[in-house]
Amino acid sequence: MLNTKQGTPPPAAGRAGMKKELPEHFKDYRHVWVFIELERGQVHPVSFELLGEGRKLADKLGVELAGVVLGPAGEATLYAVAEAFAYGADLAYLVEAPLLEDYRNEPFTKAMTDLVTTYKPEILLLGATTLGRDLAGSVATTLLTGLTADCTELDVDAEGSLAATRPTFGGSLLCTIYTLNCRPQMATVRPRVMAMPQRVNKPIGRVIQHDVPMIEEEIVTKALGFLSDGQSSTANLAYADVVVAGGLGLGAAENLKLVKNLARAIGAEYGCSRPLVQKGWMPADRQIGQTGKTIRPKLYIAAGISGAIQHRVGVGGADLIVAINTDRNAPIFDFAHLGVVTDAIRFLPSLTEVFTHRLSPHSRDKLAN
Amino acid sequence: MHIVICIKQVPDSAQIRVHPVTNTIMRQGVPTIINPYDLFALEEALKLRDAHGGEVTVLTMGPPMAEDALRKALTYGADRAVLLTDRYFAGSDTLATSFALSQAIAKIGETFGTPDIVFTGKQTIDGDTAQVGPGIAKRLDLLQLTYVAKIASIDLNTREITVERRSEGGTQTLMSKLPCLITMLEGTNEIRRGSLDDALRAARSRIVKWSAADAGIEDLTKCGLRGSPTVVKRVFAPAARAEKAEQIETTEKTPRDLADELIAGIFSRQPALEDELAFDGDA
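In the order they appear, the protein sequences are chains A and B.
Under UniProt numbering, the first residue of the first sequence carries the number 1, and numbering increases by one thereafter.
Under UniProt numbering, the first residue of the second sequence carries the number 1, and numbering increases by one thereafter.
Any given hint could be a false lead.
Said to hold, decoys possible - Far from chain A, by Cβ distances over 10 Å, these chain B residues were calculated:
#, residue
1, Gly109
2, Gly113
3, Gly194
4, Asp197
5, Ile207
6, Gly216
7, Asp219
Said to hold, decoys possible - In silico DSS-like pairs for lysine-lysine, Cα to Cα no more than 25 Å straight-line:
#, chain 1, residue 1, chain 2, residue 2
8, A, Lys222, B, Lys150
9, B, Lys222, B, Lys107
10, A, Lys27, B, Lys222
11, A, Lys202, A, Lys56
12, B, Lys150, B, Lys177
13, A, Lys60, A, Lys202
14, B, Lys244, A, Lys222
15, A, Lys279, A, Lys260
16, B, Lys47, B, Lys150
17, A, Lys60, A, Lys27
18, B, Lys107, B, Lys177
19, B, Lys222, A, Lys120
20, A, Lys60, B, Lys233
21, B, Lys150, A, Lys27
22, B, Lys47, A, Lys279
23, B, Lys150, A, Lys56
24, A, Lys202, A, Lys260
25, B, Lys244, A, Lys298
26, B, Lys244, B, Lys47
27, B, Lys150, A, Lys279
28, B, Lys107, B, Lys209
29, A, Lys257, A, Lys298
30, A, Lys298, A, Lys260
Since the hints were made in silico from the structure, they are not lab data.
For glycine and all other residues, C-beta sits at the position ideal for the given N, C-alpha and C.
Chain A extracted, bound-state conformation (with noise of 0.2 Å):
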């Protein structure tokens, strides 16, 4: 566990400048994968926004992007392979059969290896999700290749290697990874690193049906329930196009209402930066930053929030980041794009009244006439 290269760079005389000696049996990989991650129904949207980037990898190979789905057969399978192609797939692999209808490890893991060593491609891409992240490492050590995790830039070389960059040291250096002598080439994206595709109308492609061959009775694991946390839930944190949070300068656990009275005044999700995690101030699924969220809104207020390296790495992709800070010299001046240098308790008041005054009908209207 420790010296564990993703988190330890390699001595300096480490395999770095080593040549990449692709193994024969190996050569005929091709083209380029994308999980698509369907749960309970539902496309996961980090799906998407990893064929967006998938398309600009198979692009660069001049090979094809294929979506692989897994799942009982139904509407929705049918729906995850259309959508698959709307968003830049050329083709889709499907595997459809009943015991892949709640997510489980032995019959995901045993569907997509069993494609992996059939049709063999040399980029396999997953979303880093609780069940992408499950999925990858069982796959990635069952074929016995390299899985770089959470990457936040994905490209291929003048070899045609994949060069994965992903953070590390808690987001305080970057590191490009290659998976070497073994295919496919295995990574994981967080949702919303990804910038999300166009999706096209057009949406055509094959369709290459395959079977799992496992039954029920083999599978140990068994799906008893499922609790959904509903629709005002933490899920939606990464995908909000507003987005408020808090962090230590906020000074005490209630004076996180001020935070979440804004949120609620201008339709915005809440979050919180780590301390307030550790402090049990906020549960762990509001986190944002590098252990937790990735966000990426169309406008961010961070009150309070110093904007540690681990921060940055969670809300660097939105538009517009507005700092609320006392000490001028906190890195988060250092990428936001507007910075007010006051006291967050003091002022988010004040702004949550006049957020609300001007976005309300009454104002408008008279703004209006």
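Based on the hints, put chain B in the right spot on chain A.
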């Protein structure tokens, strides 16, 4: 019941600095801690042992100094500690790490009794990959239960275990069988302080130190750099943004005036947003 828990000694990432010129990590003076997520797993292991009897063996792979993390785990109440340390492990990626740890767990099974459950934290705070747990499970052919928020029940007679695991939109209840590997989520346990007895025992305990050979690893090509399909080609600092934030002047302004100015600034940069917010907000 025998439980093995894998922990990792990590640098306290909150205190890591990058050298401004060389772009290298400045490790000097950075304290090491037990990976915080592993502590939740350790607490769960101790709770299960206290309820059902048995032993908790804590395992880490790392340099000799990782012994400190193991001794700390003993003060929390673990019964036995194993340090897997060998220069052959240097430069291991997650695939090579899962190989070495799985071999050590197999050896622990032969030596001290087959584990019923192997625990890990959901991920480490330095690597952040969440790959080593699933890797160990696959190597040992254990059933894998990741992102577990709660162990709902264990029946040692029928060997059945029921857990609640977090998924993207909710909580999934899974029933599986022992032996299995569980990765634990944060925040599910109040971590104990450990008793005075545990502290005294930890101070006296001998930590089991295994080299690759001691752990029964014969194929060294599966370890360290040689056993790692992934290779770090380049390490670099994130690009700095060209300009700093535009500061709104605050002197001699009421908070209301300041808010007016800030909101005007927001909507001048994002004109479409004003209509969207008016529509979405609960006005």
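Going down the list of hints, with the structure as the test:
Against chain A, the non-interface label of Gly109 (chain B) holds: every CB pair exceeds 10 Å, the least being about 18 Å. Distance to chain A confirms Gly113 (chain B) as a non-interface residue, since its nearest Cβ pair spans about 22 Å, more than 10 Å. Under the 10 Å C-beta cut-off, the non-interface status given to Gly194 (chain B) relative to chain A holds; the minimum distance is some 20 Å. Look at Asp197 (chain B): its CB is around 28 Å from the nearest CB on chain A, clear of 10 Å, so calling it non-interface holds up.
Separation of Ile207 (chain B) from chain A is adequate, the least Cβ-Cβ distance of about 15 Å exceeding the 10 Å criterion. At roughly 19 Å, the least C-beta separation between Gly216 (chain B) and chain A is larger than 10 Å, which holds for a residue marked as non-interface. Distance check on Asp219 (chain B): its Cβ is at least 12 Å (rounded) from any Cβ of chain A, clearing the 10 Å threshold; non-interface status holds. Of the supplied pair hints, the one linking Lys222 (chain A) and Lys150 (chain B) holds, its CA atoms being roughly 16 Å apart against a limit of 25 Å.
The hinted pair formed by Lys222 (chain B) and Lys107 (chain B) meets the criterion: a straight-line CA distance of about 17 Å does not exceed 25 Å. The hinted pair formed by Lys27 (chain A) and Lys222 (chain B) meets the criterion: a straight-line CA distance of about 22 Å does not exceed 25 Å. The suggested pairing of Lys202 (chain A) with Lys56 (chain A) holds, with an alpha-carbon distance near 19 Å, which does not exceed 25 Å. For the proposed pair Lys150 (chain B) and Lys177 (chain B), the alpha carbon gap of about 16 Å is at most 25 Å, so the pair holds.
Proposed proximity of Lys60 (chain A) and Lys202 (chain A) is supported: the alpha carbons are some 22 Å apart, at most 25 Å. Simply put, Lys244 (chain B) and Lys222 (chain A) have alpha-carbon atoms about 53 Å apart, too far for the 25 Å limit, and the pair is violated. Taking the CA atoms of Lys279 (chain A) and Lys260 (chain A), the gap is about 18 Å. The hint holds against a cut of 25 Å. Between Lys47 (chain B) and Lys150 (chain B) the alpha-carbon distance is near 12 Å, which keeps this suggested pair within the 25 Å criterion.
At roughly 18 Å between alpha-carbon atoms, Lys60 (chain A) and Lys27 (chain A) fall within 25 Å of each other, so this suggested pair holds. This hinted pair checks out: Lys107 (chain B) and Lys177 (chain B) have alpha carbons roughly 22 Å apart, not beyond 25 Å. Restraint check for Lys222 (chain B) and Lys120 (chain A): the C-alpha separation of about 23 Å stays at or below 25 Å, so the hint holds. Restraint check for Lys60 (chain A) and Lys233 (chain B): satisfied, since their Cα atoms lie roughly 20 Å apart, inside the 25 Å limit.
A distance of roughly 45 Å separates the Cα atoms of Lys150 (chain B) and Lys27 (chain A); the hinted pair therefore is violated under the 25 Å criterion. Pair hint Lys47 (chain B) plus Lys279 (chain A) holds up; C-alpha atoms about 23 Å apart against a cutoff of 25 Å. Annotation: proposed proximity of Lys150 (chain B) to Lys56 (chain A) is violated, straight-line Cα distance about 41 Å (limit 25 Å). Of the pairs offered as hints, the one joining Lys202 (chain A) and Lys260 (chain A) is violated, with about 42 Å between alpha carbons and a cut-off of 25 Å exceeded.
A hinted pair counts as satisfied when its Cα atoms are at most 25 Å apart, and Lys244 (chain B) with Lys298 (chain A) qualifies at roughly 19 Å. Pair hint Lys244 (chain B) plus Lys47 (chain B) does not hold up; C-alpha atoms about 50 Å apart against a cutoff of 25 Å. Note on Lys150 (chain B) and Lys279 (chain A): the hinted pairing holds, with a Cα-Cα distance of about 21 Å set against a maximum of 25 Å. Taken as a hint, the Lys107 (chain B) and Lys209 (chain B) pair is honoured in the structure, with Cα atoms around 12 Å apart against an allowance of 25 Å.
For the proposed pair Lys257 (chain A) and Lys298 (chain A), the alpha carbon gap of about 22 Å is at most 25 Å, so the pair holds. Proposed proximity of Lys298 (chain A) and Lys260 (chain A) is supported: the alpha carbons are some 18 Å apart, at most 25 Å.
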